[in-house]
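Just so you know, the sequences run in chain order P and U.
Heads up, the first sequence is in the numbering used here, so the first residue is 1 and it goes up one at a time.
Heads up, the second sequence is in the numbering used here, so the first residue is 1 and it goes up one at a time.
These are computed hints drawn from the structure, not numbers from a lab.
Don't be surprised by glycine CBs; every beta carbon is placed ideally from N, CA and C.
Take the hints with a grain of salt, since some may be wrong.
Unchecked claim - No more than 27 Å apart at the CA atoms, straight line, and that leaves these computed lysine-lysine pairs for DSS-like:
#1 316/U x 453/P
#2 216/U x 292/P
#3 589/P x 512/P
#4 449/P x 118/U
#5 465/P x 276/U
#6 465/P x 275/U
#7 276/U x 381/P
#8 449/P x 216/U
#9 121/U x 289/P
#10 480/P x 275/U
To be verified - The calculated label-pair distances, taken between Cβ atoms and stated as ranges, are:
#11 406/U x 261/P: 35 to 41 Å
#12 143/U x 261/P: 21 to 27 Å
#13 282/P x 25/U: 54 to 60 Å
#14 455/P x 143/U: 27 to 33 Å
Residues per chain are reported as follows:
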Amino acid sequence: MDEWKPNPAIKPHKKRSWYLAWKYKLMNQRALRKLCQTGAVLFLLVTVIVNIKLILDTRRAAYEEEEESAQDYDDEMLNVEVPRHPVSNKKVLDVEVYSSRSKVYVAVDGTTVLEDEAREQGRGIHVIVLNQATGHVMAKRVFDTYSPHEDEAMVLFLNMVARGRILIFTIKDEGSFHLKDTAKNVLKSLGSQVAPFLSWRDMWTFVGKKGGEVYGEKHAKSPALSTWGDPVLLKTEVHLTSVEDAECRWPDTELNRRRKRFCSKVEGYGSVCSCKDPTPIEFNPDPLKDNKVFDVPVAVIAGNRPNYLYRMLRSLLSAQGVNPQMIIVFIDGYYEEPMDVVELFGLSGIQHTPISIKNARVSQHYKASLTATFNLFPDAKFAVVLEEDLDISVDFFSFLSQSIHLLEEDESLYCVSAWNDQGYEHTAEDPSLLYRVETMPGLGWVLRKSLYKDELEPKWPTPEKLWDWDMWMRMPEQRKGRECIIPDISRSYHFGIVGLNMNGYFHEAYFKKHKFNTVPNVQLKNVESLRKDAYEAEIHRLLGEAEVLDHSKNPCEDSFVPDTEGRVYVMFIRMEQEADFTTWTQLAKCLHIWDLDVRGNHKGLWRLFRKKNHFLVVGVPASPYSSKKPSSVTPIYIEPPAKEEGAVA
Amino acid sequence: MQKINKNVVLALLSLTSLVFLLFQLYYYKFYLSQKNGAVFSKVRGSQSGQDSTRWHVVRKFLGLISSHNIPVYLIDPLILGLVDKDIEQIRSSPDGPTPECKYFCAPRDFTTFALLDKTWKHEVGLFRTAEKMGFQWLKIINKDPRLDGMDDLSGIEIPLHYIFKLASHAIHLVVFYERSGNYLWHGPLRLKQHMDRKFVPFRKLHFGRYPGAYEKPELLLVSIDDLKVQIPKNPSSFLEEMSHSRFLECRYREARAFFQLYPDDASLDAVEFRKKAKSLLHLAALTLNNLGVKFWLSSGTCLGWYRQCNVIPHSKDVDLGVFIKDYKADIIPAFQKAGLPLKHKFGKVEDSLELSFQGEDDVKLDIFFFYEEDDHIWNGGTQAKSGKKFKYLFPKFTLCWTEFVELKVHVPCETRQYVEANYGPDWKVPVKMWDWKSSPSNVQYNGVWPVNEWDDVIQIY
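Make the full structure from the sequences, and use the hints.
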């Protein structure tokens, strides 16, 4: 009991005593103790319950997650990843190259990358470019160096190939007849010993690295003019380099990443893949003020001519007022290289499974492309339709922006086109001048959605009809007397020389000398006068001021038109009824303009330029403008040549 | 001594269990907030730390997208619901500072924004910046439905949804596409095999279970909780629209298979009829929409959509269904005003109502009114010469949006059951001879109109 004595000096002691007293008291109170115990037990119980709940909850949450991913949000299509070919880390490629009269082939590591044994084609030097790091085929070309100028194309191509690439050459049939010294020297500079001495019907294979070592070369001389050299088979090994060595060190930007992807896959696009100062792939042309066609989708119809597509897209993306987001490239077929080109420029491309053959295939491709365009841009009232073999003028969109409202407002219009069929270097003069014509020129044109959706799409020629889409669109059932607006100087240029309906001769004769506008920001003249009635007034005004040419002279002669500038002249030709184009066709032929069918007419009137003078041709008496003919003038009649002469070569 | 021991043991036990309990609670919260966002904070009521996290994530996201000039608008149903309550005040004071965080701090797992596809360039830069800001992101792509209906086009895959996650909050960005028929469409959210199923609790998303169709919204720039954000001008009507926005894509693949079996009629007559039927349907839709009458494709028109994604060229009329509760007396004058005179009217509002309007050149527009019962829905038919009544029974259905001949229209969501009720199990086989009184498999004889009512219930013009 000592502790109970108050002792202020020892405080802790006192405290302790209080505690003990309290404990003692507590121990003595059974009821309290019981309570304490039950409390503790209860607490334990709660803990256990919370634990169980926790386990249940976490389980449920986990289960739910599994379930939800299993049910609602699973892609029902099981996208089983296609096992990719194991990337071989092999550093050496086995290359086999075969050259003979009727067959060539190239195999890389046992995979045939080129095989051509078709008769009557594939003559000349076949060239294959391999990536020196991956061994992938980057380009495949054949140059028919039996024919003239093909060796120049080959030199151009070889110069574009980046240093370090692996080049494989093989000759099929004949490859030396028009292989000039320049080309031979280029081959020699690549390391070929034989090239300078290649001659008539020799067989030849060569594998080398551009600007580097030679992996092998084989040659078989032709013993006589009438026979071919023996087939040669070259087997060799190519050592691969590291990926880093095969790539350029461009700064790491979004654009260069696209460039890198492109340049590691394909070859033959020149400076776009140069390590030093590569040509830009973004152009940022000046925007157009008050651009009425900024939101108009642009459908680029393409096939498998990636080099054309590349050239076309460059010019399109450089045109003022272009909106890259509205461009869609439609590729007819699952070709990789055109798609690579589209991706290089950061555009969207859509591939289309080919349907039918030849012209009908093109036709079906057009239909699918147009439908898709209007589906993807449901707001659009128009679509610009372009093809992959066109250069686009710098003021293409400016031209459309100034004229498109006519297509919206004038029901008598069928299209606005950038192409003047009769606009050659010597027959077109005024970039600000527009015409109305009864023919549909195509080659860069604007289609009205309502025309397509309500009229053309439902009755578009079906695949079994082997029709040209443009011929079909020109038929009176479709055109229904409506006209197109065209410029005097074309805003597109048709550069394609290979194509379904195209060859070198044809291009040279009808397309090469076509005039193409290169002046930016041309202000179009008097656009409102292109409306249906206003245009008639305009024509009457023109005819009123036009001087009648001397009809006793030969219209084909240059002297038919006086040596003046800026005057308006008119001539009258014989045209018995609306479809009588006898004299016109002969006139077109001697003027060296489009004469294969009738183009560019408006009610029996043609408008072009000769010697920088506006030159009007009126068909009498079929044209309503015949009344302008002075009674003293006899319409000129040119007899068509005897027979067959007019046939298309 | 023993007693003391017992007590000590008891106290120790209690203490450990307390510690244990606290640990468990902490773990529980930690585990769930990792996976399920703010589930736990919901249970425990709002907690200021969590709230401001949401606000901060939204602010960061808005900063991100405005730095890339991407116009998004808020479509989060929860926040729009809250905003709608104070809409007048928000509209009148667009810049006023708000005293408390009222909207963006509300407890939820996601904040949902919409993005119009055509207003932005698909640029990679956005995601780089997002990553730098600490966002994790997920992109969900799928086939472009606008090219799905087309033969043999390799549809490009398009982005449908983006999810940006930061800390415990996520932003769901729904990409809307404009489609033919002047409406906006968003795709379903479907995860591909390799995707992280636990990235966010996908099930809790408000958009993505089904594709949806919406009108183009008018937008309003407001400042709420000190954040400037675009919202639909009328949040309540947007929420209304959202509640029944489910969209059904036409079954293009099946339609192609159908045309393989039964080549399409490409004759000029067929082309002409389709053109007329399309313009009649456009006119009818315009008229009914102006009146605010909900309608759907019925009978042959519905079959055409379901079976071949096009008007059946030999069907000769356009059929629409309307619930009788949506009937308005203005319907007849409105159609007459639109140039479609009434051809006949059978039945009455209380029973078997059916209206028929004369379109251009013999193309007829039939509007059937549907009556809802407890376990089925029916519409009536009347034979003019005998006064006989027929009843066509359908299982219950709800309405979904679809696109048909460049028009956003309703069809029964349970289309197959609807078509099968009407045309039987052989609906896939084209039938040129169709008798509305006997051919349908769901027809029932329903007595005869009393003769004294004939003048009212059988009106032919």
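Taking the hints in turn, this is what the structure says about them:
no. : hint                      : result
1   : 316/U x 453/P             : 21 Å, holds
2   : 216/U x 292/P             : 23 Å, holds
3   : 589/P x 512/P             : 16 Å, holds
4   : 449/P x 118/U             : 19 Å, holds
5   : 465/P x 276/U             : 26 Å, holds
6   : 465/P x 275/U             : 23 Å, holds
7   : 276/U x 381/P             : 21 Å, holds
8   : 449/P x 216/U             : 21 Å, holds
9   : 121/U x 289/P             : 21 Å, holds
10  : 480/P x 275/U             : 18 Å, holds
11  : 406/U x 261/P: 35 to 41 Å : 38 Å, holds
12  : 143/U x 261/P: 21 to 27 Å : 23 Å, holds
13  : 282/P x 25/U: 54 to 60 Å  : 57 Å, holds
14  : 455/P x 143/U: 27 to 33 Å : 30 Å, holds
Hint violations for this structure: none, all hints satisfied.
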